[in-house]
Amino acid sequence: MVPIIIFGLSALITLGAALAVVTNKNILHSAFYLVLAFAGVASLYVLLEAPFIAVVQVLIYIGAIAILIVFAIMLTRRIGSDDLIQRNAQWIWAALGAAGLFLVLGWIVYSVNWPVVTQIVPEDTITILGQELLSTYVIPFEVASVLLLAALVGSIIIGRERE
Amino acid sequence: MADLINLIENWIKNLLLGWGASAGLTGFILQALGSVLVVMVCFAIVIVLIWVERKLAGRLQDRFGPNRAGPYGIFQSFADMIKIFTKEYVTPAGAEKGLYNIAPVLAMASVLAIWAVFPFAVNVIGADIHVGVLYIVAVGAFGILAILMAGWSSNNKYALLGASRSVAMLISYEIPMVIALLVPVLLSHSMKLSVIVEAQEPWFIFVAPLAALIFSISSMAEIGKAPFDLLEAESELVAGYHTEYSGMKFGMFYVAEFLHQFTVGALITIFFLGGWTGPMAVRWPILGVIYFYGKSLFIYLVISWIRLSLPRIRIDEMLDLNWRFLIPVSFVNLVAVAIADRVMMEFTLARWIYVLVMFGMNMFILWAALAIAERNDQAVEREEFPPRPVAVPPGVDSK
Chain A
1 MVPIIIFGLS ALITLGAALA VVTNKNILHS AFYLVLAFAG VASLYVLLEA PFIAVVQVLI
61 YIGAIAILIV FAIMLTRRIG SDDLIQRNAQ WIWAALGAAG LFLVLGWIVY SVNWPVVTQI
121 VPEDTITILG QELLSTYVIP FEVASVLLLA ALVGSIIIGR ERE
Chain U
1 MADLINLIEN WIKNLLLGWG ASAGLTGFIL QALGSVLVVM VCFAIVIVLI WVERKLAGRL
61 QDRFGPNRAG PYGIFQSFAD MIKIFTKEYV TPAGAEKGLY NIAPVLAMAS VLAIWAVFPF
121 AVNVIGADIH VGVLYIVAVG AFGILAILMA GWSSNNKYAL LGASRSVAML ISYEIPMVIA
181 LLVPVLLSHS MKLSVIVEAQ EPWFIFVAPL AALIFSISSM AEIGKAPFDL LEAESELVAG
241 YHTEYSGMKF GMFYVAEFLH QFTVGALITI FFLGGWTGPM AVRWPILGVI YFYGKSLFIY
301 LVISWIRLSL PRIRIDEMLD LNWRFLIPVS FVNLVAVAIA DRVMMEFTLA RWIYVLVMFG
361 MNMFILWAAL AIAERNDQAV EREEFPPRPV AVPPGVDSK
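Going line by line, the protein sequences match chains A and U. Just so we're aligned, residue 1 is where the first sequence starts under the working numbering, counting upward by one. Just so we're aligned, residue 1 is where the second sequence starts under the working numbering, counting upward by one.
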């Protein structure tokens, strides 16, 4: 009973915050509501007994991405005001696309027969995760590392002063 | 008697169960009581710490420090506390009310949340989660967010500047801090804080002194106090991100800062000074709690000593120290420790040889890094400006 109440509350907070992100007139308020939505998603991961994903969600989405967004907004002049224009000429196509995506996702969620595992989640998932990443899934793991390294080097080259 | 805390816990548990409460509710009440206790101990310690720090600052700067309220001024913090409670809250015109009021609470919460996972003694552990180290790093993000909120919502250019500086500093110093934290994780094969504490034979400060040094420097930067107090440099920014705060709202930032410094002391204790371990700590868990707080207090005093002795560094020096020294050294250190640990695992060596090799290797990396830094420093050509006196005595030509 208690997990369902907590799930309901965190789902409500996540969805409410996500809605506020879209409808808010002030872009900085939207950014802070985005943080709340990320935190709500992290709490859902905790309920799913995936503490590693939950902590990484906080670390990357709140600690890095949200702070970057807020910082970028603060450094940009004039977009922190309340008279943000929320629509442009293509809003109808965007709305159609979003509705289509929603329908497709909803259809997938309801039509696929999701496998249900009845066994108890092992307590120490992070050790298993680490071993799997460096044995079974070592190639995708290394490819991701190389991609990140390339992004890092690329950003340094772009950021360097031209001579 | 040896296990006072669990004795009390069991007594409350049996009392509640005797009153007919369900097992789930009893567990919830016990956890809530435990969290309240940890938070209250934190606040009580901060009140004492503020007095200790002011007295220490006074002594280091050849003055008395607080000496009016009570013997040796020990009631000064209480007097300040009562004063700050009665102060008026001023919200500046044009401030974002909501964010402005949330920011101090978030700043405080982000520091207190770290205490949730600490092991206080062999069987007195908060939430002993498997991702303890990551949790500590992740929760720190809320502190940065609180500074950004405070700086932006105050509708004050000084506050905004302080907040922007804080992001440049706190985010960049997080990198060496996290990499230095990986060394104890590597040596103890776990991210669980209780396992890290128990794996320390001897303390990790002897096995990985370089990681301890890097972690200490970068977490001192994370506190945002001198010598890294660019985000509230009085001479340039009034008070940085909390310029506009008054009364208890300012008090929360102030207490959060002190508590953060004590928390850093506790983190260094857990990762490098053996946490609660000490003579008789396993048989007498209450001794473990005393060791833990004692070591943390010692590190707190060392940090105070450092920050009271050093002047504030410039913003370019701050970034140079991080990106050109701490980050490369911490990467080299991590790789070297990983390789040395793995190689020595192949041979069954006595523990003291292992420690000696690790210590020597750390010292060699530190020496090499300092030598390279010295050489690079001499290679950089610095533009020198002649002194420009602002006040010129009358009758003297300024040229």
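If you're looking for bench data, these hints aren't it; they were derived computationally from the structure. Keep in mind that the hints are not guaranteed to be accurate.
Unchecked claim - PhoX-like mimics (lysine-lysine), calculated; alpha carbons at most 25 Å apart, straight line:
| id | chain 1 | residue 1 | chain 2 | residue 2 |
| --- | --- | --- | --- | --- |
| 1 | U | K157 | A | K25 |
| 2 | U | K97 | U | K157 |
| 3 | U | K97 | U | K87 |
| 4 | U | K97 | A | K25 |
To be verified - Which residues of chain U face chain A? A partial, calculated answer using Cβ under 10 Å:
| id | residue |
| --- | --- |
| 5 | A95 |
| 6 | E96 |
| 7 | N101 |
| 8 | V124 |
| 9 | I129 |
| 10 | L134 |
| 11 | A138 |
| 12 | G140 |
| 13 | M149 |
| 14 | S190 |
| 15 | W352 |
Predicted model, so just to flag it, every value in this text is computed and none were measured. For each residue, glycine too, the CB sits at the ideal point set by N, CA and C.
Legend entry - Hint numbers contradicted by this structure: 5, 7, 8 and 15
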